[in-house]
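Student: The sequence shown begins at 58 in our numbering and counts up by one.
Calculated from the structure, these hints are not laboratory results. Predicted model, so just to flag it, every value in this text is computed and none were measured. The reader is advised that the hints may include incorrect statements.
Derived CB-CB ranges, DEER-like [to be verified]:
#1 Arg83 x Ser172: 36 to 42 Å
#2 Asn131 x Lys100: 20 to 26 Å
#3 Tyr116 x Arg87: 14 to 20 Å
#4 Arg102 x Gly123: 21 to 27 Å
#5 Asn142 x Ser82: 30 to 36 Å
#6 Ala171 x Gly113: 32 to 38 Å
#7 Thr88 x Thr169: 32 to 38 Å
#8 Gly113 x Ala71: 30 to 36 Å
#9 Arg87 x Lys144: 21 to 27 Å
#10 Gly65 x Lys100: 32 to 38 Å
By construction, the Cβ of each residue, glycine as well, lies at the ideal position given by its N, Cα and C atoms.
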Amino acid sequence: QVQLVESGGGLVQAGGSLKLSCVASRSTFRTNGMDWYRQAPGKQREFVASISSSGGISYYADSVKGRFTISRDNAKNVVYLQMNNLKPEDTAVYYCHVIAVNGTWGQGTQVTVAS
């Protein structure tokens, strides 16, 4: 089963940017769509963005549309989430996920946006 490791989180001021990475342990992830979710304290995990296996199609939650960009590099087994113009309400643990039945989740990376 593929394993996922996220990185790139941290503390940033409102209006700043971060780029999250999610590295997959196996090249078989190239056949799957991938997505990012986030979970803020006391809230349910919510969808952020998704990308097709080829990278040609992507979707975004309305709350991040125009600010976040999902991309992937299948040669490196990596999915990215570029986050610009960050807001305090973006503070959460961000998880990458393989879009599949019983798809694998990463361990998460903390993003904190200070006002």
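Student: Now, for every hint given, state plainly whether the structure supports it.
Tutor: Against the structure, the hints:
no. : hint                        : verdict
1   : Arg83 x Ser172: 36 to 42 Å  : holds (40 Å)
2   : Asn131 x Lys100: 20 to 26 Å : violated (32 Å)
3   : Tyr116 x Arg87: 14 to 20 Å  : holds (19 Å)
4   : Arg102 x Gly123: 21 to 27 Å : holds (22 Å)
5   : Asn142 x Ser82: 30 to 36 Å  : holds (32 Å)
6   : Ala171 x Gly113: 32 to 38 Å : holds (36 Å)
7   : Thr88 x Thr169: 32 to 38 Å  : holds (34 Å)
8   : Gly113 x Ala71: 30 to 36 Å  : holds (32 Å)
9   : Arg87 x Lys144: 21 to 27 Å  : violated (33 Å)
10  : Gly65 x Lys100: 32 to 38 Å  : violated (21 Å)
Of the numbered hints given earlier, the model fails hints 2, 9, 10; all others are met.
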